[in-house]
Amino acid sequence: MISVGLFNYWACMVLMMIGLYTAIARPNLVKKLIGLSIFQVSVFLLYITVGKVSGGTAPILGEGIEAYSNPLPHVLILTAIVVGIATLSLGLALVVRIGEAYDTIEEDEIIERDIVND
Amino acid sequence: MIDMHLPILLIVVPLVSAPLCVLLRQKTLVWAFASLVCVASLGLASMLLIRVLEEGVISYAIGGWIAPWGIEYRVDTINAYVLLLVSIIAAVLMFFALPSVVDEVSGKQHYLFYTAYLLCLTGLMGIAITGDAFNVFVFLEISSLSSYTLIAMGRDRRALTASYQYLIMGTLGATFIVIGIGLMYMMTGTLNMFDLSQRLPPMFETRTAMVAFAFLTVGMLIKLAMFPLHMWLPNAYCYAPSLVTAFLAATATKVSIYVFLRFTFTVWGAEFVFEKLNLDIFLIPLSLIGIYVTSLSAIYQTNIKRLLAYSSVAQIGYMMLGIGFVSVTGLTGGIVHLFNHALMKAALFLAAGCVVLRLGSSNLADWKGLGRRMPVTMAAFVLAGLSLIGVPLTVGFISKWYLILAALEAGWWPIALLALLSSLLAVVYVWRVVEVAYFQKADDDSKIKEAPLMMQISMWGLTGATLYFGIQTDLTVNVAQRAAGLLIGVTP
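Protein chains in written order, with the numbering used here: chain H, 10 to 127; chain E, 1232 to 1723.
No lab work stands behind these hints: they were computed from the structure.
What you are looking at is a predicted structure, and each value in this text was computed from that prediction instead of being measured.
For each residue, glycine too, the CB sits at the ideal point set by N, CA and C.
Some hints could be false.
[What the hints assert, rightly or not] Far from chain H by the CB rule (all over 12 Å, computed), these chain E residues:
# : residue
1 : L1240
2 : L1254
3 : E1285
4 : I1289
5 : S1290
6 : Q1429
7 : L1508
8 : E1640
[Unchecked claim] Covered by chain E, according to a simulated footprint, are these stretches of chain H (three or more residues, beta-carbon under 8 Å):
#  : segment
9  : 53-59
10 : 107-120
Here chain E stands alone, though its shape is the one from the complex (with noise of 0.2 Å):
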């Protein structure tokens, strides 16, 4: 029973909950209720890549409609895998959440925060659950909105005009990929993904196919943060409550890549995106600067949280660099580092979220010996760090591997050169981070108590899983790999 319906009690479960969590109300009750979803989530999510491992692509008829007449929930490889992801991180940050939450949240809206919480998280994976359209904005939307919530509560004044600029920037977005699944439906009035698939090929040559593609592009590259169109990111992440922005940081954008790579690749079909229209010679570039103008930016920030915003729009480039490949090491590349990053990025800010709850403050004046005042924390900061830099045996080094691996397949020796010396600017803005808190005497050189143990547990978790995953990379490639071959094959 439960495995004939697996795919919508992946949504309905958050989705029931979170109303549930208003009712509840006090504090922890609401919190060990919203873990407990997450966990459900995650045991459900796990389930539906097992299943789609052993048996290929599952299709779901809502409501017993068939498609392309009814909503479709359509799970092949590389969502089941994104789901996994997006629903790990849900409850890896949950231990997380009980005393950053109490700290950087006022009381009154604890229950609110969770049950924004769980509607971005349904929101999250209903983007990617998705074989409809039209159904793709109303979890986007879903998601955002929630997202634009979570990011208000943070304590700082500036929180909110955060929130705003994203609000702004996420609609118009959001509304632009409207416009363009609007005119592909004009085009060829189908919403199904699949279908869609079918019957856009011979409208190919039409202007408003070509409109279409262009607004739905230019509102996915709003959402994933792709540099130039990144800067509602920095301030959103900065602001945030430290939950949320781990949360979002590891989540939101990679859901984005996703929505990205299905339309491109499965609904457009590569053939159309980058042999006609040639995308590839314009996202590279773009990715390449990107990276280099974003690292820079990095280098020169004086908050650890702006700064860790700042590197997250370069990795999206490194993520961006690979789908421009077109190639099966590239995607791989790329998948891969989407589900590095989440890790090392949201173990990344879960340190920063333990030391904010501490110092009360990202500045990275602050942090000066901090090495020696919270040991613990600033190890797990390194090793994570050293993930972002792409030393071997970390994570990074996987998806930086395959990415260099892929540029030169293509051929395209420069680009894996340039791929590689952008890791140097990283290096630059982790030591930074380094040099301030291990070789920089505080005024106050006092022990700070560590931050408490359920926050440890994701921190280590995660960070822990870096290293796993740099170690033992057949459950991440493999699938990853699969999921590019998929990509690609689906288009002949």
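For reference, chain H alone in the conformation it holds in the complex (with noise of 0.2 Å):
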């Protein structure tokens, strides 16, 4: 029972670790890109989850309820998310200037081409 009711955390976790390998490990850099989004995303969900009060309903003041929800990290993630959606859109330009500027978007080519340069 304690495994399900921590599902949330779980998922998290895992999508974290997923995101992070990809963000470090993949060679192209809109799969980084990819990577750090879910990472990001990751971290949204352990915000919502954490604010989840069990039997709470959304934090709309109505008659005859008792438990709400903390609305408080909603407000944060939603900051978060548009930090998320800068660095992402950021992120991809950069990538379209270097794919510009290289005529690649694989990180081990760019380090060849930058060592023939030298």
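Taking the hints as your guide, dock the two standalone chains into a single complex.
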């Protein structure tokens, strides 16, 4: 039963590790960014899960409702989502520029071309 | 009126000015406007420091929402000091900016450059001023995102990959910090730093608290480029435009160190971090190894900007070493070095920038005979370089003095000896530049025109400051001592 209750946390950790691994190990720059996004999204999930109160409903005042989920993490994550989008778009813009400058977006090939140039 | 709203003005002024730069567009106009904003920030930051020194901690509730519910800006001696440092550097660099940016950034991007510059300034000041843990993350991302763009504006195409690499590492670091903050919030239900420091102690035994601390610390160590998490730094500093390199080297890592101080000492408390978790037995060896390894790497660099970047990582090692001593003297050393290193490294990068402007290269091989070809610039380089080594009468000596004093105070004379010996490595890498510039003959020994006066003002202003604060230590050391006392004293 406990493991079911912690399902979200497990999912969050699995996603986090997938994201982290992809961001570090993948040589393709776009895939790295995808990994980074997955990593960030897993943190959103963590925050949202933290905000859940068992038996609580959405935090909208209503008659006969006693328990509400905590809305603060949702608000924090709205901010974090904006930051995530900004990071991703900046990252993709950089990849476009790198692609123009190097004709490749594979990390190993980029390193090769820089060495040839030196 | 201004007095009451000083803390928020410091953030709002550059933040609102940044988009205005986009509207202005015209090169010189944007520059003049951005300079005005930087000078205004400097004024506000100095007023704030004076007030803090007179009245003690200033708390400002944004929008009238009282902490811990609302976001609080909390200014005490240490962050007033950091704010002043950031705004001084930002203002002084603006003189340098006009000719340097014209040379290194393509004309169409000038207004965007200054927009990003002001946003970066906003972010850095925001990190330093806020008393809310989540707010730290938001400002951290504002400053990081704008610094990625600033770095990517470098001429070399490798600036793009450097910026990308920094983006990946920086975002990982920032996300680690958010995870830490999220777990802290989970345990305590608060995000206000002061409130956290009250509510965390009962949670210290829990695994969640440990994990939160671990994530937070690793995230911060990535951000402040602690060895071995510094891999993003050398490339980013090497290929960014000279102005950006000087600005980031002097402020970005310093502000991250402030965040580290704030979280470890104020929020978690020295007792938990250093007595229970013994972070110091991990911090001190790592700092020392970092100092040696990165100084050695600096010796073998063929590019001056890269050499200076590696030396930056080594100097961060000294600051972390000071923090690792967990004594008032050690912290004083660390905090003073934070200020002093910002001055000297900015001066060195500016000198390199002046050469890049005239020579178009920061390769060591091209610097042959530069001592005769550009004597004024090289003189500044050598003077600031002496600071880096820690020669008496320069600021570098003051910081090393306190660090070694702290090591002896703790009875760790081998560490004092190691820190002292590591200065020899700095001698070697500074000497390499001096040797090439003064003792090797250039193929073309003609004089090169010195950099424009505007750039000289910035460079000599900072070089002068490294000498001035090396002799007149009252201001820097006193403030650092008060800040150190405050950090240690907060936790009984």
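These are the hints, each one checked on the structure:
No beta-carbon of chain H is positioned within 12 Å of the beta-carbon of E:L1240; the least distance is around 22 Å. No beta-carbon of chain H is positioned within 12 Å of the beta-carbon of E:L1254; the least distance is around 21 Å. Residue-level check passed: E:E1285 sits 35 Å from the nearest beta carbon of chain H, beyond 12 Å. Its beta-carbon lying about 25 Å from the closest one in chain H, E:I1289 satisfies the requirement of being farther than 12 Å from that chain.
No Cβ of chain H comes within 12 Å of the Cβ of E:S1290; the nearest lies about 21 Å off, and the non-interface call holds. At roughly 18 Å from the closest C-beta of chain H, the C-beta of E:Q1429 stays outside 12 Å, upholding its exclusion from the interface. No Cβ of chain H approaches the Cβ of E:L1508 within 12 Å, the least distance being about 22 Å, so the stated non-interface status holds. With a cut of 12 Å on Cβ distances, E:E1640 stays outside the contact zone with chain H, its closest approach being about 41 Å.
Three residues within the 8 Å Cβ limit are the bar, and the segment 53-59 of chain H against chain E gives 3, so the coverage statement holds. Only when three residues or more bring their CB closer than 8 Å to a CB of chain E does the claim for the segment 107-120 of chain H stand; here the count is 4, and the claim holds.
Hint check: no violations occur; every hint is consistent with the structure.
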